[in-house]
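Based on the sequences and whatever the hints tell you, model everything.
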Amino acid sequence: MSARTTRTQAVDTIQRELTAFARRARGRAAELHPELSLVAYSILDLILERDGCLATDLAEQFLLDKSTVSRQVGALEKLGYLERVVDPGNRRNHLLHATPEGRAVAGEAERRRREAFQARFADWTDEDVEAMAGYLTRYNRGD
1 MSARTTRTQA
11 VDTIQRELTA
21 FARRARGRAA
31 ELHPELSLVA
41 YSILDLILER
51 DGCLATDLAE
61 QFLLDKSTVS
71 RQVGALEKLG
81 YLERVVDPGN
91 RRNHLLHATP
101 EGRAVAGEAE
111 RRRREAFQAR
121 FADWTDEDVE
131 AMAGYLTRYN
141 RGD
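In full-length UniProt numbering, the protein residues as written are 1 to 143.
Treat the hints as calculated values from the structure; they're not laboratory data.
Hints are all accurate, no fakes.
Just the calculated beta-carbon pair ranges, DEER-fashion:
#, residue 1, residue 2, range
1, G80, A131, 39 to 47 Å
2, H94, L18, 30 to 38 Å
3, R23, T56, 27 to 35 Å
4, T56, T19, 26 to 34 Å
5, D87, R16, 40 to 48 Å
6, A22, G80, 23 to 31 Å
7, G107, T5, 42 to 50 Å
8, P34, T137, 25 to 33 Å
9, Q118, T5, 30 to 38 Å
10, T125, E17, 18 to 26 Å
11, P88, R111, 32 to 40 Å
12, A3, R103, 48 to 56 Å
Beta carbons: idealized from backbone N, C-alpha and C, even for Gly.
Right, dumping it as structure tokens:
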């Protein structure tokens, strides 16, 4: 088998496995928190990571349509997990911030997510986990 064929098969395997990973993540999102979809959880998580951001930042980060972001933000606001604050740098914009309730629910979902990952990697060596982390980071950066 040629190196090109082997590489093509490996890339096909990576694509298939990342697709399976994404499907499993969507399916498990309800287990982490029944009111938060994977998209909503990801949005809340990024807002917490950045200590607030604009809805346009969310659309850009997740490659989502503005209407999708608007629906997800609206749902998170309705649940009491987000609030809009006038941007002091541009009063026409609103920064999105997590409420104390949003911080609490995200913290609990993060705890459950971490436990699930720890269980998934329980029989992996530390070196394998570190390698996986490095490869995923590199892939997501586009290096």
